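> Work out the full structure: start from the sequences and follow the hints.
Take a look at the letters that make up each chain.
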Amino acid sequence: MNLSLSILEFAVIGAGLAILLADLWTPVPQKRNLGYAAAAAVGLIFLASMLMQAAAPAYAFEKMYVLDGLALFFKRFFLFAAVIVLVMSVEFADRIEAGIAEYYALIMFALAGMMFAASANDFILVFVSLELITVTFYVLTSFQRGRLHSLEAGVKYLILGALASAFLVYGIALVFGVANTTNFGELMGSARVASARPVFLLGLLLVLVGLGFKIAAFPFQIWAPDVYQGSPAPTTAFLAVGSKAAGFILLLRVLFSAVPEITVNWTKLLMVIAGMTILYGNLCAIPQRNLKRLLGYSSIAHAGYMLLGVAAMNSAGSSAILYYLGAYLFTVLAAFTVICVVMRGVEGDDISAVAGLHQRSPLLAASLSLAMVSLAGIPPLAGFFGKFLLLKAVVEKGATQPGCYWLIAVAILGVVISLYYYLGVVRAIYWSKGSAELSDIKVSWPIQVSLYACIAAMFYLGLFPDRLVNIAMEAVKALKL
Amino acid sequence: MLPWTIYSSFVGVVMLMLLPREQARAARVVALFTALIGLVCALAGALQVQAGSSVAELCRLEWIPSLGIDYHLAADGISLTLVVLTGIAAVAGILFSWNIEHRAKEFFAFYLALIGGVYGVFLSFDLFLLFVFYELAIIPKYFLIAIWGSTRKEYGAMKLALYSFVGSAMVLIGLIAAYVVAGAKTMNLVELASYPFPASFQYWAFPLVFVGFAILAGLWPFHTWAPTGHVAAPTAASMLLAGVVMKLGAYGALRVAMTLFPLGLKAWQIPFGFLAVTGIVYGAMVALVQSDFKFVIGYSSVSHMGFVLLGLMTINEVGLSGAVLQMFSHGVIAGLLFGVVGRMVYDRTHTRELAALQRMNLSQAIPYAAVTFLVASVASMGLPGFSGFVAELQVLIGAWHAFPTFGILAGVGILVGVAYMLRTLQKSFFADRAPGGQQHGHSLESISVAERVGAALLMGTSLVIGLYPRLLLDLIVPSFHSPLFDGLRKGAGL
Amino acid sequence: MDPVFAFLALLTTAGAVAAVSLRNLVHCALCLVVAFAGLAALYLQLNAQFIGFAQILVYVGAVAILIVFAILLTRGSEPGNQPILSSSWQAGLGVAVLVLGALGVAVASSFVRYYPVSPAPQPTVRELGEQLMTNYVLPLEVIGLLLTAAMIGAVIIAMHEKQGPR
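Residue numbers (my numbering), protein chains in the order written: chain A, -5 to 475; chain B, 111 to 604; chain C, 211 to 376.
Hint data in this document are derived by calculation from the structure and do not stem from the laboratory.
Remember, it's a predicted structure, so these values are computed and weren't measured experimentally.
One or more hints might be untrue.
What the hints assert, rightly or not - Pairwise CB distance ranges, derived in the manner of DEER restraints:
#1 C/Ala312 / A/Val149: 30 to 36 Å
#2 A/Trp400 / C/Ala312: 39 to 45 Å
#3 A/Val149 / B/Tyr265: 39 to 45 Å
#4 B/His460 / A/Ile435: 52 to 58 Å
#5 B/Thr334 / A/Ser309: 38 to 44 Å
#6 A/Leu38 / C/Tyr325: 46 to 52 Å
#7 C/Leu267 / A/Pro51: 51 to 57 Å
#8 B/Ser164 / A/Tyr399: 35 to 41 Å
#9 A/Leu15 / C/Ala306: 54 to 60 Å
As the list claims (entries may be wrong) - Derived lysine to any residue pairs resembling SDA-like cross-links, with alpha carbons at most 25 Å apart:
#10 A/Lys471 / B/Leu129
#11 B/Lys295 / B/Leu129
#12 A/Lys436 / B/Lys295
#13 B/Lys295 / A/Tyr399
#14 A/Lys436 / B/Arg131
#15 A/Lys57 / A/Glu468
#16 A/Lys262 / B/Thr296
#17 B/Lys269 / A/Tyr424
#18 A/Lys262 / A/Gly392
#19 A/Lys150 / A/Gln282
#20 A/Lys25 / C/Thr358
#21 A/Lys25 / A/Arg338
#22 B/Lys269 / A/Ile411
#23 B/Lys376 / B/Glu427
#24 A/Lys471 / B/Ser176
#25 A/Lys471 / B/Thr296
#26 B/Lys295 / A/Ile345
#27 A/Lys25 / A/Gly140
#28 A/Lys436 / B/Glu132
#29 A/Lys25 / A/Arg89
#30 A/Lys471 / A/Ala52
#31 B/Lys269 / A/Leu14
#32 A/Lys25 / A/Leu14
#33 A/Lys471 / B/Glu132
#34 A/Lys57 / A/Lys150
#35 A/Lys436 / A/Lys57
#36 B/Lys269 / A/Asn27
#37 B/Lys376 / B/Asp457
#38 A/Lys57 / A/Phe170
#39 A/Lys262 / B/Trp314
#40 B/Lys295 / B/Val428
Backbone N, C-alpha and C define an ideal beta-carbon position, used for all residues, glycine too.
Next up, the structure:
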């Protein structure tokens, strides 16, 4: 057993427990500042993760846990996201009536779950890490007990999340029943034999359903808009970035590490799901007036774009997903940080709340606009290059699968539709009339730092994508593509 | 020298952003200064770079080595021509928007960003880079129209943005497909152009990329963004839109679609030639019945850009060089026309209805504007002595060789063009004074120095090229013998 | 038929029937406990130690207590006035018979019956415990963290009922 491999996770759990304990001795007015301590701790762990190497996959806990390039990539991803989300939560602290320290701790527990998910090499670990993420998010979504929307979000997420977990665990049981193992490595050996049994395929399909809920892919996306809308902004941000990425890493592992031989037969299924997800997310986003709900639909659409990379079934596609997630991370976090700051005391998160933002705070206005433009996929921002890589992967696939060209057409249609509503937000920021509130917004320095970091990253990834592309290509070598 | 056209524009953007908010005058000066630097760089570059029948390398750095994408700037005669055009149009546009007070700093920042993107497109010889610059121009365009525009500005801006975006998405797919099919891990234009793409691939890739670009060049029936966009745009933006941005589309169609896929071009020559001629005639006919001054000019742009596309479809040297010359010529003339309509007339009278202008007796109120418009219309009609004549004549000769019927139809288009310009000229400036008409004359402010200089710059350019077209033709014609056009020569019999 | 099995089956069924037919809710809950206990005994009789004890711990222990608490805290123990049988009990009976018939046919015609019965694995609680503490220690720990998180969440959401939802 090689405990040192999962040192990062244990560090995160330890830091989370430390925050819980520190809460006992912290005077009430100081409690919100525990968030900075939490962010600093996670930041340090993030820096420590940069020192780790994973040239060859290393296993622990009876091969249940794997540390390879892919896992490390995602751990860094989650750690960075958590830092920004924690900073955001400090900003949000005065809108939470009680238990702010617990809020920070729960974010860190969810983070630990995501990091375990990144290393999961066994269905058991997949299930428990996913449950850890989901259960913490049940609480995080309904943290503003005083607000009906927040409670509604919590209840909806609870019911649909429980349903998804049921699918997942049922699927795992079926797979285990046929293959007599839950380990990915052993499954790959027995998959060819087992794939003759329809029950095995049914089990895998149910697992996919469970993961589909996590990434909000069509037709399991219904929870996303309501939950995104109702949850506290930092929760939504973490849900949009962390939970979705956790779903994708598990999807990649299950499809391309556990049962690659079966996956190749599912190209058409994945293509249809990707196309429908893109269309659904983009079409439904058009009439939205609530900014968080709009981002909820847009996150569905982005899950669809990333599914393009899954459907492409080549290493170009998978590395494109990694790149895309990297770009998505900074973009979405920038957007939600701005929302978190701007929507103070605004009921309904309506787009009109950002009207005239450029006069109230140029930094916030620029951040949100750049985020929208990057989400729309316009160069030189990060989002464009991500879409470029995904489309390239699908075009490469097109040589053997002519249906891919239809998928490309759908994706392009989605991108064009999305430009409409993203530009709508930008328009509201820069020249909508009749905004009542025109006072300057004070932006605290940690928020400024995280916004500048996100903006810099958006430009860096868009202008100099080579480094991340190489890292992503290295990372996906862990998959059997 | 030439790459500095791009860099100086973006430096200008940054400088403008650093200016304090309410410094309209400083913003104007910075913008004009930047645009002048760009023009000087362009002219100096055009004199310095002896492209001849080759592609002159300017700058080549590795950018994204894992995908074989380079930061690769180069120029041939076609690029040089259009870079010079961009420089002239940029300076003129700023002179014509000297009266912008509302958020002037942001206006000029977006304006220069657009200019920088346009320079970038004309100088990129790496397809990915070209595409990035091409897309870079969309957002500033949208903002310029949606914030500072008039008449249904948000509709016009969104329509323009969506059309551009659809076009560029088609182009992107075509480029990725070409990249993947060639399999050489390169986005270098010259290398890809020499790759023999399979004919079956070219048959669908060519229309995809060509239409993607030509949407921005106002190819009928995808032209509908052009009139609404031009009308909604503020003066400087519509000058740029007609003067330069539409050229981006035509340039891309020639530079990318035609050189990469010559067999596809050959197969689609007649259909697209037909669309081009339809655009010429249709644009002219519709312009004939417009009641809004700016819509006349908007539709005339569609018609004139039809000549560019027709010239491209002739696939012979005369037609192609005519097309490039027409790009230059229309850029100058359309800029001038939009300047007169938007700045000289609309900003003073606050109406663009020809029926209302008819009663205002403008030729006496603002005589300089009348003269300018007279010159511009004459140039636009294609009278000898102005650049439009040489360009359209070449296109017609080329078309006559390639498809005589279309040549004749295009000639009809020119005649209709004369008709609508004369009608507009008469209604706008030289109407008989209607009894009981308003005596608006005295209240109009006189034409400012900035406008005079801008108008003179554009008129002078058109006149110089009209009188001595070899100035540009000596640049343009040899570039069709560069290695870039080898494929076109072999595949489509240029 | 094994007499022990027959006895346990009768006990379980009787408990279940009583649970739905008695008038006093507390009595119903206690009868449910009998049914749960009978099931647990059935598991143990089948040599499934772990699931048997888990049944006792989770259902007889936790769930039943929870139900009793819920009854005590909400409606009190006085019997209601409604009749035990719903007015459309015939229809219900019909559906029940149909479902039983369908299940019976399905079981009778299932191919499972012709498979040789594989030797049942004999995991003892001890073995399960060893597995949990060695190979599966990581999931176990993650579940521990999960329960911590869930408990914190339950406290946060249930605590401080100073103001209701706005």
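> All the hints need checking, so say for each whether the structure fits it.
We went through each hint and held it up to the structure:
1. Range check, C/Ala312 to A/Val149: Cβ separation about 35 Å, and the 30 to 36 Å hint holds.
2. Separation of A/Trp400 from C/Ala312 is about 43 Å and conforms to the stated range, judged on CB atoms against 39 to 45 Å.
3. Roughly 42 Å separates the CB atoms of A/Val149 and B/Tyr265, a value that falls within the hinted 39 to 45 Å.
4. A hinted range of 52 to 58 Å for the beta carbons of B/His460 and A/Ile435 is inconsistent with their spacing of about 37 Å.
5. The supplied range of 38 to 44 Å is met by B/Thr334 and A/Ser309, whose beta-carbon atoms lie about 43 Å from each other.
6. At about 57 Å, the CB distance of A/Leu38 to C/Tyr325 disagrees with the hint of 46 to 52 Å.
7. Here the CB-CB span from C/Leu267 to A/Pro51 is close to 39 Å, at odds with the stated 51 to 57 Å.
8. Distance hint check: the CB atoms of B/Ser164 and A/Tyr399 are about 37 Å apart, consistent with the given range 35 to 41 Å.
9. A C-beta distance of roughly 55 Å is found between A/Leu15 and C/Ala306, which places it inside the suggested range of 54 to 60 Å.
10. The hinted pair formed by A/Lys471 and B/Leu129 fails the criterion: a straight-line CA distance of about 49 Å is larger than 25 Å.
11. Annotation: proposed proximity of B/Lys295 to B/Leu129 is violated, straight-line Cα distance about 43 Å (limit 25 Å).
12. Using a Cα cut-off of 25 Å, the hinted pair A/Lys436 and B/Lys295 is violated, with the two alpha carbons roughly 49 Å apart.
13. Distance restraint check for B/Lys295 and A/Tyr399: the Cα-Cα separation of roughly 21 Å lies within the 25 Å cut-off, and the hinted pair is therefore satisfied.
14. Taken as a hint, the A/Lys436 and B/Arg131 pair is honoured in the structure, with Cα atoms around 19 Å apart against an allowance of 25 Å.
15. For the hint linking A/Lys57 to A/Glu468, the alpha-carbon distance of about 21 Å falls within 25 Å, and the restraint holds.
16. Taking the CA atoms of A/Lys262 and B/Thr296, the gap is near 30 Å; set against the 25 Å cutoff, the hint is violated.
17. Among the hinted pairs, B/Lys269 with A/Tyr424 is consistent with the structure: their alpha-carbon atoms are about 19 Å apart, no more than 25 Å.
18. Between A/Lys262 and A/Gly392, the direct Cα distance comes to roughly 12 Å. Compliance with the 25 Å bound is thereby established for this hinted pair.
19. Distance restraint check for A/Lys150 and A/Gln282: the Cα-Cα separation of roughly 20 Å lies within the 25 Å cut-off, and the hinted pair is therefore satisfied.
20. With a C-alpha separation of about 20 Å, the suggested pairing of A/Lys25 with C/Thr358 holds against the 25 Å cut-off.
21. Only pairs whose Cα atoms come within 25 Å are accepted, and A/Lys25 paired with A/Arg338 is accepted, the gap being roughly 19 Å.
22. In summary, the hint linking B/Lys269 to A/Ile411 is supported, as the alpha carbons are separated by about 12 Å, within the 25 Å threshold.
23. A hinted pair counts as satisfied when its Cα atoms are at most 25 Å apart, and B/Lys376 with B/Glu427 qualifies at roughly 15 Å.
24. Taken as a hint, the A/Lys471 and B/Ser176 pair is honoured in the structure, with Cα atoms around 15 Å apart against an allowance of 25 Å.
25. Under the criterion of a C-alpha separation no larger than 25 Å, the hint pairing A/Lys471 with B/Thr296 is consistent with the structure, at around 23 Å.
26. Taking the CA atoms of B/Lys295 and A/Ile345, the gap is about 44 Å. The hint is violated against a cut of 25 Å.
27. For the proposed pair A/Lys25 and A/Gly140, the alpha carbon gap of about 20 Å is at most 25 Å, so the pair holds.
28. Restraint check: the Cα-Cα separation between A/Lys436 and B/Glu132 comes to about 21 Å, which is no more than 25 Å; the hinted pair holds.
29. With a CA separation close to 13 Å, the supplied pair A/Lys25 and A/Arg89 stays within the 25 Å bound.
30. For the hint linking A/Lys471 to A/Ala52, the alpha-carbon distance of about 14 Å falls within 25 Å, and the restraint holds.
31. Among the hinted pairs, B/Lys269 with A/Leu14 is inconsistent with the structure: their alpha-carbon atoms are about 54 Å apart, more than 25 Å.
32. Only pairs whose Cα atoms come within 25 Å are accepted, and A/Lys25 paired with A/Leu14 is accepted, the gap being roughly 11 Å.
33. Annotation: proposed proximity of A/Lys471 to B/Glu132 is violated, straight-line Cα distance about 55 Å (limit 25 Å).
34. Using a Cα cut-off of 25 Å, the hinted pair A/Lys57 and A/Lys150 is violated, with the two alpha carbons roughly 36 Å apart.
35. A threshold of 25 Å between alpha carbons decides the hint, and for A/Lys436 with A/Lys57 the separation of about 50 Å lies outside it, so the pair is violated.
36. For the suggested pair B/Lys269 and A/Asn27, the alpha carbons sit about 48 Å apart, so the restraint of at most 25 Å is broken.
37. At most 25 Å may separate the alpha-carbon atoms for a hinted pair to count; B/Lys376 and B/Asp457 exceed this at roughly 47 Å.
38. For the hint linking A/Lys57 to A/Phe170, the alpha-carbon distance of about 16 Å falls within 25 Å, and the restraint holds.
39. Of the pairs offered as hints, the one joining A/Lys262 and B/Trp314 holds, with about 24 Å between alpha carbons and a cut-off of 25 Å not exceeded.
40. Distance hint between B/Lys295 and B/Val428 is unfulfilled; the C-alpha atoms sit about 35 Å from each other, more than 25 Å.
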